[in-house]
Structures are given as structure tokens and as C-alpha cells.
Amino acid sequence: MLKYGFVGPALLLLIALNIFPLGYNIWLSFTNYDLSGGDVKSVGTRNYREVFNEPRYAAAIRTTALFVAAAVLIELVLGYALALALRGEFLGKGFVLTVLLVPMMLSPAVMGLFWHLIFKGDYGIFNQTLGAAGLPEPQWLTDPGLKLAACVIVDVWMWTPFMMLISLAALNSIPRHIYEAAEIDRAGAWTVFRRITLPLSAPLLLLAVLLRTTDALKQFDYVMVLTGPNDAATQTLSALLYQTSFGSFRVGLGTAYGFVVLVAVIAVATLFTRYLDRLQRSR
Amino acid sequence: MRNIVFALALAFAGCGDGGGSSGPGPGPGPAKDGPKAITIWWAQWAPADGLQELGRDFEKETGIKVTVHQTPWPDYQNQVNLEFGNRETKFDIVIGDSQWIGRGASKGLYIELTDWLKGAVDMSTVHPRAAKYLCEYPPGSGRYWAAPCETDAIGIAYRRDWFEDAKEKAAYKEKYKRDLAPPATYEEMRDIAEFFTRPADKRYGVSWLTGRGYDALTMGFEQVLYAFGGSWGDEKTFKVQGHINNDGAVAGLEYLKSMMKFSTPDGAKLDYGQCLEPFDNGSTAMLVNYFAFYPEISKKFGDKAGFCPMPKKGDRRFASLGGQGMSISAKAPKERQELARQFIKWFEQLKIQKEWIKKPAGFPANTDILKSEEFRKASPYNAAFADSVDILVDFWNVPVFGELLAPVQQYVGEAMDGKRSAKDALDAIATEHEEIFRKARENGDLPK
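Residue numbers (the working numbering), protein chains in the order written: chain H, 1 to 283; chain F, 1 to 448.
Derived by calculation from the structure, the hints in this document are not laboratory data. Even glycine gets a Cβ: it sits at the ideal position worked out from N, Cα and C. It cannot be assumed that every hint is accurate.
[To be verified] Computed list of chain F residues with no C-beta within reach of chain H, every gap over 12 Å:
no., residue
1, G63
2, E83
3, W116
4, M123
5, S141
6, Y176
7, G211
8, R317
9, Q410
10, K419
11, P447
[To be verified] In silico DSSO-like pairs for lysine-lysine, Cα to Cα no more than 30 Å straight-line:
no., chain 1, residue 1, chain 2, residue 2
12, F, K334, H, K41
13, H, K41, F, K107
14, F, K236, H, K41
15, F, K239, H, K41
16, F, K65, F, K107
17, F, K358, F, K300
18, F, K334, F, K345
19, H, K41, F, K261
20, F, K169, F, K300
21, F, K36, F, K90
22, H, K41, F, K90
Starting from the given sequences, assemble the full structure and let the hints guide the process.
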């Protein structure tokens with residue numbers, strides 16, 4: 001009984017803050033609930049039929065998938081590279097690590113606002129720097145081919161330190177004696193990396209990728225601030241949900257979108273965790 | 001199973017805090033300091049400050065305290081609609097955008113003022129366009145859901161000092177064979193914008209409302225749409241095909257897109273505040289925005305700034321309507337609704353309207369005031385504003401206006417970005433609008 005006593009309050013909180021809202025949202029997704037209230041009527045599966053027939057939904061899935069793939073991949077590569085560079089001891093390591101972690105500590109919405117100024121076409125510092133180096137000055141926030149890239153840049157800037165942190169933990173968890181044994185066997189740097197460093201750090205890297213993927217799938221802050229929620233070039237699933245619920249006032253339809261997103265996130269997370277499990281068992 | 005539970009936990013963990021962003025608070029509740037008080041919600045801008053000052057005068061006269069709570073424009077619509085979802089609203093009067101009136105009327109959010117307003121206000125002194133767009137739903141029905149508060153229009157601010165510079169005038173005359181003057185036609189506007197565009201000197205011809213959030217791009221495009229011969233659709237039948245995508249509409253959108261060559265590099269994406277920046281920093285010759293923003297321009301530039309209405313295309317001249325009417329919340333307690341009526345009646349008196357126009361961007365709908373020389377001379381922009389009221393047009397104010405706005409913002413934006421042709425963009429809008437109206441008709445959301 002004591003164990004239930006310890007777990008009970010947390011469980012109650014989980015139910016109140018997660019389970020109940022989930023159930024309520026599922027119910028809303030079968031209604032015509034309007035943002036300003038009024039009579040609520042059941043509409044059956046109409047909202048879900050609209051979700052799957054709406055071309056904007058397919059476009060938002062593509063945009064979100066592209067954003068997640070680009071951002072998470074770049075963060076993984078850059079974060080891992082930084083971790084490899086910083087794993088050894090050197091003077092000022094603590095200070096360097098602290099500075100590198102600063103972007104992660106800041107509010108994404110505030111960072112989006114700062115980057116909005118940085119990306120400004122005429123006086124933004126990004127283009128001024130490019131111009132000073134004799135490079136072209138693209139219009140990050142108006143060129144339809146670059147708007148999503150701008151969002152990716154901001155995400156990479158903010159969350160590469162997170163990947164770096166997890167990668168550092170992964171690298172530091174590899175026992176030293178394995179490297180010593182490889183040294184004795186005269187293994188080259190590339191062989192050591194390919195056969196020891198990468199495989200042994202993979203489980204934690206995958207966990208980091210899983211965490212970043214589930215976070216990036218619900219990307220909203222930068223999109224809202226940099227381009228607005230109704231820009232086709234950057235309309236992620238969350239932005240579409242926002243636009244539907246708050247722009248068109250159709251909260252019932254918005255919750256249907258939200259539930260489909262939740263199922264997608266759970267599916268992705270399930271695949272990852274199954275793979276991670278298999279990886280752990282094979283070690 | 002274990003994996004699914006873990007995955008669920010991860011998903012919910014992700015749901016906790018993605019960005020730490022938080023909207024503005026709902027603002028103070030109804031003023032409870034004295035026995036009688038009302039709360040008015042409005043967007044955060046200069047006219048709201050002016051209204052608060054008048055509210056203090058009202059309190060001195062009647063003992064009824066008035067609090068004007070201001071919400072930044074980007075959040076205003078959301079906050080108001082969320083508040084309407086409560087059983088009782090914190091506001092008694094909401095000064096809502098003209099597009100909100102259909103929704104407010106049909107969803108039972110606003111109190112109908114038809115019988116009361118005719119007795120409280122001489123409606124014959126209210127400019128017919130202001131009455132139609134700010135107060136009436138359905139349009140032309142004679143049913144009122146708001147009293148006029150702020151009438152606004154899009155117009156042009158321009159650098160008079162640049163226009164009157166002798167060297168510039170001579171160079172312009174030599175190139176375009178006519179005098180450099182505030183644009184009377186869209187062709188002249190294009191020439192002037194081209195003339196003043198000198199990117200090497202960081203000088204630009206025009207800064208236009210083109211923002212992708214809420215409705216800035218729609219408002220920036222609307223007057224061009226109508227001037228070039230298009231329209232949003234038939235107000236009675238809600239037919240859209242052949243109106244929004246006729247040849248004139250296509251030409252209008254192509255014109256607007258072509259003007260972006262004479263704007264700042266991010267000129268195709270300027271929201272209300274951002275649109276002011278290029279003019280404010282002294283780099284741009286002309287600004288296309290609402291008159292309500294021009295008191296600050298006039299204060300900063302003094303005689304160097306001039307103001308004029310939107311130009312013509314042929315004999316067609318239109319200006320996008322702005323402005324809001326005062327609506328009484330149907331979810332406010334009855335006693336406060338009565339106090340709200342008292343305030344509105346007091347505000348609409350001619351002597352108070354004459355005080356209202358002395359406040360920055362206090363623009364009236366009263367025809368006597370609009371025609372008066374006193375009003376026209378009261379500020380550098382008043383005359384241009386008064387001339388613009390006669391040519392006002394507005395977006396759909398039906399309950400589904402939010403759904404109608406989204407495709408306009410998106411597809412016109414895509415045309416501006418070069419992702420679609422003007423014709424494709426307008427055809428896409430027409431198709432979506434017809435579908436939205438079809439569904440709205442089925443759900444009984446359209447006026448009969």
C-alpha cells in the first residue's frame with residue numbers, strides 16, 4: 001500500500017493534466033466546437049474526414065517531415081562533431097561548454113524574434129555579414145525556397161548544444177580500456193571511430209534523436225514568429241492546428257488535427273523505442 | 001506494450017513546454033472599484049489611449065468608471081474570442097474589427113442595438129459606408145450590432161520634402177514628362193516608386209501592407225483589387241467565381257506584386273508595424289498603411305510628411321476600410337449592459353465626437369464633422385482621411401470570415417513570393433471561398 005501512496009499523487013496529477021485533457025480533446029474532435037463557445041453538436045467523423053481530405057494537411061505533413069529531417073540530422077552531425085572536439089580536457093573547457101549551452105537555455109519564441117531581426121533583408125546582421133564577405137544576400141523570410149531553411153537554421157542554433165551534451169555523455173560512457181586495447185592492436189583513428197566510438201555511443205545518440213524528433217514534430221514557435229502560421233512554405237502541423245482553431249475558430253476540427261498529430265508522434269516514438277530496446281538487448 | 005507506454009510518456013513530456021511562450025493575460029476584469037463601472041476591450045494603439053481619456057471625462061460627468069483594456073493587435077482577436085467562450089465576459093463593450101460583426105451577430109455574442117441605436121444616435125449623421133461596414137449585419141439589412149467608434153482607411157503617407165526638392169522634381173519631370181506630385185493614379189504611383197528606388201543608397205519607393213499574419217496582406221491588396229475591377233464576390237448571392245478572379249483582379253494582383261520591386265528587400269512581408277519602419281527610418285518615399293498610424297508619422301516628420309488618399313485606376317478609386325465599432329457583449333451582466341449603453345450614447349454625441357477627433361487618430365463616422373473645414377484642417381492627414389471615407393470597401397463580415405481570410409492570405413502571399421501566378425492564386429481563392437460558403441450555407445451560417 002505504501003508504494004501506491006508514493007505513486008498516487010503523481011498519478012493523479014498525470015490524470016488531471018494529461019489523461020483528462022486527452023479525453024476531452026478526443027470528444028471535442030467529434031463536435032463542431034467553436035472558439036467562442038455556443039451550441040456544441042456532434043458531427044460524427046466529419047472532422048477526421050476533412051483532415052484526411054484537406055490538401056493543406058498533406059502539405060503540412062510534408063513541411064513538418066522536411067523540417068524534422070533537416071533540423072535533427074544537422075543537429076546530430078554538428079552536435080556529435082562538437083562533442084568529439086570537446087571530449088578531451090583543455091584549458092577553459094568549462095567556460096566553452098557553458099557558452100555553447102546558452103542558446104538551449106533561452107525561450108524559443110524570444111529567439112525567434114531575435115532571429116527575425118537577424119534575418120531581415122535590408123539591415124539584418126546575417127545579410128550584412130554575407131554582403132561584407134562578398135556573398136549573395138538572400139531574402140530569408142520572403143523567398144519561398146528559403147523560409148523553411150531559416151526555421152531550420154534557428155532550430156539548429158538552439159538545439160545543437162542539446163545533441164552535443166547527450167553526445168558528450170555517450171562518449172564519456174565508453175570505457176577507456178577498450179580504447180587502450182585498440183591502441184595495443186594498432187587500430188587506426190578511423191577504425192577506432194567506426195568500430196568503437198560510434199557503435200558504443202549509438203544508443204544514447206538514438207535517444208537524443210528520439211527526443212529531438214518528438215520535439216521538432218510539434219514545431220510552432222519559430223514558424224509563428226518568423227513567417228506566421230498561415231505561410232504555405234513553413235506551415236507545420238502545429239501551425240495548421242493553430243490556424244484552424246484560432247484563425248478559423250474551428251476548435252473541433254483543430255483538435256482532430258491535434259489528435260492525428262499525437263498518433264503520429266506516438267507511432268514514431270514507438271518505432272524508436274523498439275529499435276532502442278533491440279539495440280540494448282543485442283549488447 | 002511497454003514501448004507504447006514509454007512512447008506515450010515521451011509524447012506527453014513533449015507536450016509540456018515547447019517554447020515557454022505565453023499569450024498576454026486576459027486583462028483586468030470589470031472594474032470593481034466603484035459601484036458603477038464598465039470595461040472596454042480594444043487593441044493596443046493610439047485611439048485606445050484617446051478613448052481612455054474620454055472615459056475619464058465620462059466618469060466625471062456620470063460617476064461611471066470606464067476602463068479601456070488594450071491588447072496587442074496580433075493577439076486581440078484570439079483574446080476576445082477566447083473570452084467569449086466564458087459564461088461571462090470580462091468586458092462589457094468590445095471594440096471589434098468590422099469583420100467580426102457577422103460572427104458576433106449570428107453566434108449571439110453581441111447584443112442587437114437596432115431599436116436602441118436609432119433612438120440614441122442620429123443615424124443619418126453616420127456616414128453610410130461606416131454604418132454598413134462597422135455597424136450593420138447583414139449588410140444593408142438595417143440591423144445594427146455596433147455603434148461607430150473608430151473609422152479608419154488605408155491611405156498614403158509620403159515624403160513631401162523629397163517630392164518638393166527642386167533637383168528631384170527636375171529629374172522626375174525629365175524622365176516621366178510630368179510633375180512630381182502625390183500620385184493620383186496607380187500608374188503615377190508606380191512611376192514615383194520606381195523613381196525613388198535607389199538600393200545602392202538604401203532608398204526605396206514604397207512600403208506596402210503585405211504582412212502574412214491576420215489580415216495585413218488582404219487589406220493591402222483589397223483596394224487594388226477593387227480599383228482594378230475585381231471584388232471579393234456578390235454580397236447577396238455569395239458568388240465568388242468571376243469576381244475575385246476576373247481579369248481586373250488578376251491585373252491588380254500583378255500590379256501589387258510588381259510594386260515589390262520598389263520596396264525594401266523584405267517588402268512582400270510587412271505587417272502593420274513592420275510596414276511603418278522603412279518610412280520611419282527615412283529610407284522610403286511612400287507608405288501605404290492605415291491613417292490611425294499616421295499621427296506618429298506626422299509627429300516625427302512634421303512638414304516633411306504629406307498624406308493623400310489611395311490613387312485611381314481609370315475612374316475607380318477605393319480604400320480598404322479599417323476601424324471598429326462598439327458592441328455590447330451579450331455575456332456581460334444586464335446592469336453593465338445598461339451602463340455600456342449609457343457610455344455609447346454619450347460617446348456618439350456631437351460635442352463628444354468633436355472631442356474625439358482631437359485625440360490622436362480619433363477618426364469619426366459623423367458626416368458633419370468629416371465635411372467640416374475644422375476637421376479637415378485639424379491635422380495634416382485629416383483631409384486625406386475624410387476623402388477616403390467615401391471610397392471605403394471591406395472584406396466579408398460573415399461568421400466564416402476567418403476561414404475566408406486564410407486562403408486569401410496564403411494564396412495572395414504565394415503569388416507575391418512568386419510561387420504561383422496571380423491567376424492561379426485567385427482561382428484557388430475562388431474555389432476555396434465557394435466551398436466555404438457552400439458549407440456555411442449548409443450549417444446556416446450565412447444570412448438569409
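Structure-based check of all given hints:
Distance check on F:G63: its Cβ is at least 32 Å (rounded) from any Cβ of chain H, clearing the 12 Å threshold; non-interface status holds. Taking the minimum C-beta to C-beta distance to chain H, about 9 Å, the non-interface status of F:E83 is violated against the 12 Å cut. Distance check for F:W116 against chain H: the nearest CB is about 23 Å away, which clears 12 Å, and the non-interface claim stands. No Cβ of chain H approaches the Cβ of F:M123 within 12 Å, the least distance being about 28 Å, so the stated non-interface status holds.
Against chain H, the non-interface label of F:S141 holds: every CB pair exceeds 12 Å, the least being about 21 Å. Here F:Y176 stays apart from chain H, with its beta-carbon at least about 26 Å from theirs, past the 12 Å limit. Residue placement check: F:G211 does not keep its beta carbon more than 12 Å from all beta carbons of chain H (closest about 8 Å). No Cβ of chain H approaches the Cβ of F:R317 within 12 Å, the least distance being about 29 Å, so the stated non-interface status holds.
For F:Q410, the requirement that its beta carbon stay farther than 12 Å from each beta carbon of chain H is not met, with the minimum near 5 Å. At the 12 Å boundary, the C-beta of F:K419 falls inside the reach of chain H, the nearest C-beta of that chain being 5 Å off. For F:P447, the non-interface assignment is confirmed: its Cβ lies about 17 Å from the closest Cβ of chain H, beyond the 12 Å cut-off. Using a Cα cut-off of 30 Å, the hinted pair F:K334 and H:K41 holds, with the two alpha carbons roughly 28 Å apart.
Among the hinted pairs, H:K41 with F:K107 is consistent with the structure: their alpha-carbon atoms are about 14 Å apart, no more than 30 Å. Annotation: proposed proximity of F:K236 to H:K41 holds, straight-line Cα distance about 28 Å (limit 30 Å). Among the hinted pairs, F:K239 with H:K41 is consistent with the structure: their alpha-carbon atoms are about 28 Å apart, no more than 30 Å. Only pairs whose Cα atoms come within 30 Å are accepted, and F:K65 paired with F:K107 is accepted, the gap being roughly 29 Å.
For the suggested pair F:K358 and F:K300, the alpha carbons sit about 18 Å apart, so the restraint of at most 30 Å is met. Between the alpha carbons of F:K334 and F:K345 the distance comes to roughly 17 Å, so the proposed pair stays at or under 30 Å and holds. Distance check on the hinted pair: H:K41 and F:K261 sit about 50 Å apart at the alpha-carbon level, beyond 30 Å; violated. Distance restraint check for F:K169 and F:K300: the Cα-Cα separation of roughly 24 Å lies within the 30 Å cut-off, and the hinted pair is therefore satisfied.
A threshold of 30 Å between alpha carbons decides the hint, and for F:K36 with F:K90 the separation of about 15 Å falls inside it, so the pair holds. Proximity of H:K41 to F:K90 is assessed by CA-CA distance (about 26 Å); at most 30 Å being required, the pair is judged to hold.
In this structure, the earlier hints numbered 2, 7, 9, 10, 19 are contradicted, and the remaining ones agree with it.
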